[in-house]
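Asker: Full structure from sequences and hints, please.
Each protein sequence line maps, in turn, to chains Z and C. Okay, so the first sequence: first residue is 1 according to the UniProt record's numbering, each after it adds one. Okay, so the second sequence: first residue is 1 according to the UniProt record's numbering, each after it adds one.
Certain hints may be false.
Claimed, not checked - Far from chain C, some chain Z residues (derived; all Cβ distances over 10 Å):
hint, residue
1, Arg181
2, Asn271
3, Glu526
Stated by the list, open to error - Taking lysine-lysine and the DSS-like style, the derived pairs with C-alpha atoms no more than 25 Å apart in a straight line are:
hint, chain 1, residue 1, chain 2, residue 2
4, C, Lys276, Z, Lys492
5, Z, Lys492, C, Lys519
6, Z, Lys495, C, Lys385
7, Z, Lys165, Z, Lys133
8, Z, Lys281, C, Lys294
The set of hints was computed from the structure by calculation and includes no laboratory data. By construction, the Cβ of each residue, glycine as well, lies at the ideal position given by its N, Cα and C atoms.
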Amino acid sequence: VIPVENVRLLDRSSGQRKASVGTLYLSATHTIFVENNPETRKETWVLHSMVSSVDRPPSTPSGSQLVLRCKDFRVYQILVPQERDCVDVHASLVRLSRPEKYSELYCLSFNPSVNKEEREASWSFIDLMADYKRMGVPNNLWVSTTVNNEYRVCDTYPSELFVPKSASTGVIVGSSRFRSRGRFPALSYFHQDTLAAVCRCSQPLSGFSGRCQEDELMLQAVMKSNPGSDYIYVVDTRPKLNAMANRAAGKGYENEDHYTNIKLQFIGIENIHVMRSSQQKIIDVGEMRAPSMSDFLWGLENSGWLKHIKAVLDAGVFIARAVADEGVSVLVHCSDGWDRTAQACSVASILLDPFYRTLRGFMVLIERDWVSFGHKFSHRYAHLDGDPKEVSPVIDQFLECVWQLSEQFPCAFEFNERFLITLHTYIYSCQYGSFMGNCQKERRDLRLRERSHSVWPQLWKDRSDYTNPLYQAEQSQSQGVLKPNTSPFYFKMWKGLYNHVEKSVPPRQSPADYLSAVREESQQLEEELTNHQEVAPGGTAHQHQHHQPGSRQGIQHNTPPPPPPPPTNLEIPPV
Amino acid sequence: MEFAELIKTPRVDGVVLHRPFLPTVEGTLCLTGHHLILSSRQDNTEELWLLHSNIDSIEKRFVGSLGSIIVKCKDLRVIQLDIPGMEECLNISSSIEALSTLDSVSLMYPFFYRPMFEVIEDGWNSFLPQDFYWWFYEWRLSEVNTDFSVCLSYPPLVAVPKDVDDDTLRKVSTFRHGGRFPVLSYYHKKNGMVMMRAGQPLTGTNGRRCKEDEKLINATLRPGKRGYIIDTRTVNVAQQAKARGGGFELEANYPQWRRIHKALERSNVLQDSLIKLVEACNDQNHSMDRWLSKLEASSWQSNVKEILTTACLAAQCIDREGASVLVHGTEGTDSTLQVTSLAQIILDPTCRTIRGFQGLVEREWLQAGHPFQQRCSQSAFSNTKPRVEAPVFLLFLDCVWQILRQFPCSFEFCESFLVLLFEHAYASQFGTFLGNSAADRSKLSLPEKTVSLWSWVNRPQELERLSNPLYEANSLVIWPSVAPQSLLLWEGVFLRWNRSSKCLDEAYEEMVHIIEYNKELQNKVNSLRRQLAELETEDPLLQES
Chain Z
1 VIPVENVRLL DRSSGQRKAS VGTLYLSATH TIFVENNPET RKETWVLHSM VSSVDRPPST
61 PSGSQLVLRC KDFRVYQILV PQERDCVDVH ASLVRLSRPE KYSELYCLSF NPSVNKEERE
121 ASWSFIDLMA DYKRMGVPNN LWVSTTVNNE YRVCDTYPSE LFVPKSASTG VIVGSSRFRS
181 RGRFPALSYF HQDTLAAVCR CSQPLSGFSG RCQEDELMLQ AVMKSNPGSD YIYVVDTRPK
241 LNAMANRAAG KGYENEDHYT NIKLQFIGIE NIHVMRSSQQ KIIDVGEMRA PSMSDFLWGL
301 ENSGWLKHIK AVLDAGVFIA RAVADEGVSV LVHCSDGWDR TAQACSVASI LLDPFYRTLR
361 GFMVLIERDW VSFGHKFSHR YAHLDGDPKE VSPVIDQFLE CVWQLSEQFP CAFEFNERFL
421 ITLHTYIYSC QYGSFMGNCQ KERRDLRLRE RSHSVWPQLW KDRSDYTNPL YQAEQSQSQG
481 VLKPNTSPFY FKMWKGLYNH VEKSVPPRQS PADYLSAVRE ESQQLEEELT NHQEVAPGGT
541 AHQHQHHQPG SRQGIQHNTP PPPPPPPTNL EIPPV
Chain C
1 MEFAELIKTP RVDGVVLHRP FLPTVEGTLC LTGHHLILSS RQDNTEELWL LHSNIDSIEK
61 RFVGSLGSII VKCKDLRVIQ LDIPGMEECL NISSSIEALS TLDSVSLMYP FFYRPMFEVI
121 EDGWNSFLPQ DFYWWFYEWR LSEVNTDFSV CLSYPPLVAV PKDVDDDTLR KVSTFRHGGR
181 FPVLSYYHKK NGMVMMRAGQ PLTGTNGRRC KEDEKLINAT LRPGKRGYII DTRTVNVAQQ
241 AKARGGGFEL EANYPQWRRI HKALERSNVL QDSLIKLVEA CNDQNHSMDR WLSKLEASSW
301 QSNVKEILTT ACLAAQCIDR EGASVLVHGT EGTDSTLQVT SLAQIILDPT CRTIRGFQGL
361 VEREWLQAGH PFQQRCSQSA FSNTKPRVEA PVFLLFLDCV WQILRQFPCS FEFCESFLVL
421 LFEHAYASQF GTFLGNSAAD RSKLSLPEKT VSLWSWVNRP QELERLSNPL YEANSLVIWP
481 SVAPQSLLLW EGVFLRWNRS SKCLDEAYEE MVHIIEYNKE LQNKVNSLRR QLAELETEDP
541 LLQES
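Answerer: Structure below.
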C-alpha cells in the first residue's frame with residue numbers, strides 16, 4: 001500500500017490530546033505512523049494482530065475517519081484527508097487484522113535475532129515434568145499415565161498426565177467416554193503438606209439419569225489417592241441453573257446418589273458469553289470521557305465485571321481452603337473444562353503454593369493449567385478470523401484475579417503489574433508461538449516449535465522490568481497459603497489494563513518504580529563497597545571510576561518530572 | 001459537677017471485649033471521668049483506653065443476664081463489650097451515655113490532661129500570623145478584629161490589602177455574611193496572584209451594593225488585571241440565598257471579576273453522605289452489586305471529586321490563567337475552606353511538608369473559623385437528625401489523601417498523619433480542635449489550660465512516625481487527576497477496622513527498609529571515598545601515578 005500523507009493520528013491512550021500530523025504506512029505486520037514534525041519524527045507502530053476492530057465513522061469536513069480498537073484496549077483515531085485513501089486503508093486493515101489461516105500469523109514471520117539452537121532451547125525453558133517433580137509427583141498416590149499418548153483418548157489434553165495410582169487404564173478410558181470432549185479427571189496440583197490434590201475434568205454426560213461405572217470408580221480413585229480424607233469435593237464452577245440446563249442436552253453434573261463420598265459444590269461463574277459482554281461494558285467505562293462519579297460507579301456496577309472477578313477468586317479460595325485447611329481433594333469442572341476450570345484451578349494454585357507467585361513459577365502455572373490443558377487460546381483471543389461467539393476474556397480474568405491479590409498482598413508476588421499486562425499483550429499479539437492454537441496436539445501439528453519462538457525466555461531475560469521491588473521470599477505473605485479477603489470492597493477497577501488514559505496521563509509518581517530504582521542503586525553501591533574494601537592500602541584505588549551518589553537512573557533528584565497538566569474537564573471561561 | 005455522680009458502677013470484672021480481626025480480651029472494665037478502660041491481668045495483652053468523647057453512639061443487647069454494649073466510635077471503630085449482670089450493664093451504658101455527651105467544653109479531657117512527654121516547642125505559639133504573612137508585598141496585617149467585634153469567627157489578625165484601612169474593613173464586614181470580609185488566604189509567589197476568601201455578600205433581593213466591598217476586592221487586583229470569584233454554590237442556590245438576605249456579586253458592580261459557580265454540598269448533606277458510606281462499609285456480606293450501588297448512593301466519592309475539582313479550578317485560575325481568585329459560599333467557613341486549603345496543597349510545596357501542613361490546618365481551618373466543635377460533635381453513627389455536625393474536615397483530609405496517593409513522593413508526611421488529624425478533630429487529649437473559632441479558644445483560655453496537638457506532633461519520635469520515606473522535595477505545582485477512576489475509597493479510614501492491615505504494614509516496612517538500606521550504603525560509600533581521597537593526598541606514591 002502506498003503511504004498516505006497528511007494523516008492525523010490521535011492516540012488518546014498514550015495521553016495525547018491533540019492529533020499529530022504525519023504519514024501512514026501499512027506493512028505486512030504493522031500499521032506505522034510517522035510524525036511530520038522534523039524534531040521528533042515520532043513513530044507509532046500498531047501490530048495488525050492486536051487490532052480487534054477497524055471502524056469507519058461518518059466523514060467530517062476535514063476528512064474521513066478511521067478508528068482502530070486494539071486488544072490491549074488502546075484506541076487510535078485516524079483522520080485521512082481523501083475519502084478514497086481512507087476506504088483503501090480500511091479495506092487493507094480489515095483484511096490484515098483478520099488472518100484466516102495460521103500460516104498468516106505474525107509468530108511465523110517474527111524473527112528475533114536468535115539462532116536455531118537458542119530457539120529450540122527456548123521451548124524447553126519451562127519444564128512441566130520438573131514442576132510435578134517439585135510437588136512430589138509421581139509418588140505412591142499419583143502416577144504418570146501413557147493413556148493419552150498420541151492424544152488417543154482426549155485430543156485436547158496433553159500427552160503426559162498424572163492420574164490416581166489406583167485408576168486402571170480401563171477406568172480412565174471409560175471415564176473419558178462419559179465426559180464432555182473426553183476430558184477425564186487428571187491431576188492439576190498436588191499439595192504435599194496435606195496430600196490433598198486439585199484435579200480437573202469436564203462435565204459428565206449424565207443427562208437426567210445416565211451413569212457410568214468407570215467414571216464413578218475414577219472419582220473413587222481420586223478420593224483414595226488422598227489418605228487423609230474419606231470424601232472429595234466436586235466443584236462445578238457453573239451457576240447451578242446452567243448445570244441443570246445442561247442435563248437436557250445429555251450433559252450435566254454428578255448425581256450425588258450415584259457417586260459415593262462426593263460433596264457437590266456450585267460456584268456460579270458465568271459463561272463465556274456473559275463475560276464477553278461484561279468486559280465490553282468495562283472497556284466502555286474505561287473509555288468514558290469525563291464521566292461523573294455516579295456515571296462511573298453505575299457503569300462499574302452495571303458491567304458486572306468485578307462481580308465476575310470475585311466469583312473466579314471465590315472459586316479459587318474455596319478450592320484452596322478445602323485442600324489446605326480441610327485436607328480434602330477437589331475435582332473441578334465446568335462444561336468443557338477448559339475455561340472456568342482453568343481459572344479456578346490456577347487461582348487455587350496461586351493461593352496454595354508460593355512458587356507460583358514467583359516469575360518463573362507463574363510461567364509454569366500458565367503453561368500447565370492453560371496451555372497444556374487445552375485452553376483454546378486461538379479461539380478465545382481471536383487469533384484468526386472466526387466465530388465471534390468463541391471469543392471471551394477468560395485469561396484476562398485470571399490475570400486480573402492475580403492483580404487484585406497483589407493489591408491485598410503487596411509483598412507476595414515476585415512479579416509486578418507490568419508483567420501481567422505484558423503477558424496479556426503477548427497472549428493476544430501472536431508474536432510468539434507459545435499461545436498459538438487451541439491445544440497441544442494442534443501446536444504439534446503446526447510444528448510451532450520449529451517455526452516460531454517461545455515467549456518465556458524473552459520475558460525471563462527482561463525480568464528486571466517485571467520484578468516487584470517489595471517481594472521478599474522470606475516474608476510471611478510470600479510463604480504458605482494466601483487467604484485473601486473477598487468482600488466486595490477489596491475489588492477495584494484494574495486501571496492499568498482498562499484505562500490507558502488515566503495510566504499514562506498525567507505521569508503519576510509510581511512508588512514501585514521508585515523503589516526498584518533505589519534497589520538497583522543499592523546494588524551498585526554494594527559492588528562499589530566491595531571494590532573499595534578489596535583495595536589494599538596504597539593500591540590502585542584512585543583508578544576507580546565511581547559514579548556519583550544519587551545518580552540513580554530513573555530518579556531525578558531535585559528536578560522532578562514536569563508536572564502533568566491540569567485536569568481536562570475544567571473549562572475556565574475567558575474573563 | 002463531679003464526674004463521680006455520673007459513674008454509677010466504676011468497675012466490673014469478667015468483661016469480654018470483641019474487636020474485629022483481633023483476639024477477644026477478658027478483663028476488668030473501669031470507668032473514669034474521661035476514659036473507658038479495659039485491662040486484663042495478663043501482661044501481654046494490650047489494654048483498651050477509649051476516650052468517652054470518642055464514643056459516637058452505644059447500643060445495648062441482652063441475652064439472659066448477659067448484657068452486651070456495642071460501642072460505636074467517632075473514629076469509625078465498632079467494639080462490643082460483654083458485661084455479666086444486667087444491672088452492671090445498664091449502669092455502665094447509662095454512664096457512658098452521659099459521659100460521652102457532656103455539654104460543657106470546659107469539662108472535656110484536654111482541660112484535665114497533663115502531658116507525659118517533654119514539650120520541646122509549645123504548639124500554641126508555633127504558627128503565629130505575624131510569622132506567616134509579614135513579607136507579603138502590598139498586604140498588611142490588620143488588628144481591626146483584635147477584640148472579635150468586627151467578625152466573631154475571624155482571628156484577631158487578618159491579612160488585607162495595604163491600601164484598605166480598618167474603617168473600610170468595618171463597613172465591608174456589615175456587607176458580608178457573619179462579618180467575614182474578604183481576607184488573604186494565599187499568595188502565589190510565582191506570579192504574585194492571590195487567593196482570598198469571604199462570606200457571601202449580603203445583597204438581598206434589592207441588589208444592595210457596598211462601595212467599600214468593591215473597593216477592597218479591586219484593591220487586590222494589579223492594574224489591568226482581572227480576577228475570578230469562585231462561588232461554591234450553584235447559581236440556583238446562590239439566587240435563593242438572596243431571599244434570606246444573602247446573594248452574590250453582580251457583574252455590573254464588579255466588572256473586573258468573572259463569577260464561576262460550582263456545586264459543593266452543604267454540611268447537612270455531607271453528614272448524610274458519611275452516614276450512608278460508613279453503613280455500606282460496615283456490612284461485609286454485601287454482594288458486589290449492592291456494595292457498588294450503596295457506594296454510589298452515599299455520594300461520598302462524588303463529593304470528593306467535586307471538592308477536588310473546584311480546588312483544581314481555583315489553582316488553575318491562579319497558576320495558569322495568572323488571575324487572582326476570591327472564594328466564598330454562604331458562610332465561608334466550610335466548603336470555602338476546603339477549596340482554599342486544597343488549592344494551596346496543589347500550588348505550594350511548603351504545604352506538603354509536615355510543618356507546612358500544620359500551618360495550613362492552623363491558618364485555613366482553625367484561625368479561619370471552621371466550627372470544629374459543632375462539625376465534629378458527632379460522626380457517622382449519630383442517630384439524631386444532623387443539625388450542625390458534618391464531615392467537612394474529613395472530606396478535606398480525604399482529598400489530601402487522594403493527592404498524596406497520586407503523588408506519593410511529593411509529601412513529607414504519610415497517610416498516618418492524615419488519620420491522626422481525623423482522630424484528633426473528633427476526640428483528643430489536646431485542646432487544638434476545641435471551640436468553634438479563635439474567639440472561643442481565647443475565651444476558653446485554651447493555650448493556657450490545654451496542650452496543643454502540635455506540641456505532641458513536633459517531637460522527633462512522632463515526626464519520624466509521620467514522615468514519608470518516599471519523600472523528595474518537589475517544588476512544582478502538582479495537578480491531581482479528578483477522573484473517577486483515579487479517586488479511590490480511603491481504606492485507611494473507612495475500612496480501617498474491617499480488615500487486617502498486616503500485609504499492607506509489612507509492605508510499608510519493606511519499603512522503609514529498602515530506602516534506609518540505600519541511605520546506609522550511601523553513607524558508607526561516601527565515607528570510604530573520603531578516606532581514599534585523604535590517602536591519595538598523603539601517599540606520595542599515589543600522587544605520582
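Asker: The structure should be examined with respect to each hint, and the outcome stated for every one.
Answerer: We went through each hint and held it up to the structure:
{"no.": "1", "hint": "Arg181", "verdict": "holds, 32 Å"}
{"no.": "2", "hint": "Asn271", "verdict": "holds, 18 Å"}
{"no.": "3", "hint": "Glu526", "verdict": "violated, 6 Å"}
{"no.": "4", "hint": "Lys276/C - Lys492/Z", "verdict": "holds, 20 Å"}
{"no.": "5", "hint": "Lys492/Z - Lys519/C", "verdict": "violated, 34 Å"}
{"no.": "6", "hint": "Lys495/Z - Lys385/C", "verdict": "violated, 39 Å"}
{"no.": "7", "hint": "Lys165/Z - Lys133/Z", "verdict": "holds, 16 Å"}
{"no.": "8", "hint": "Lys281/Z - Lys294/C", "verdict": "holds, 20 Å"}
Going through the hint list in order, the structure does not satisfy hints 3, 5 and 6.
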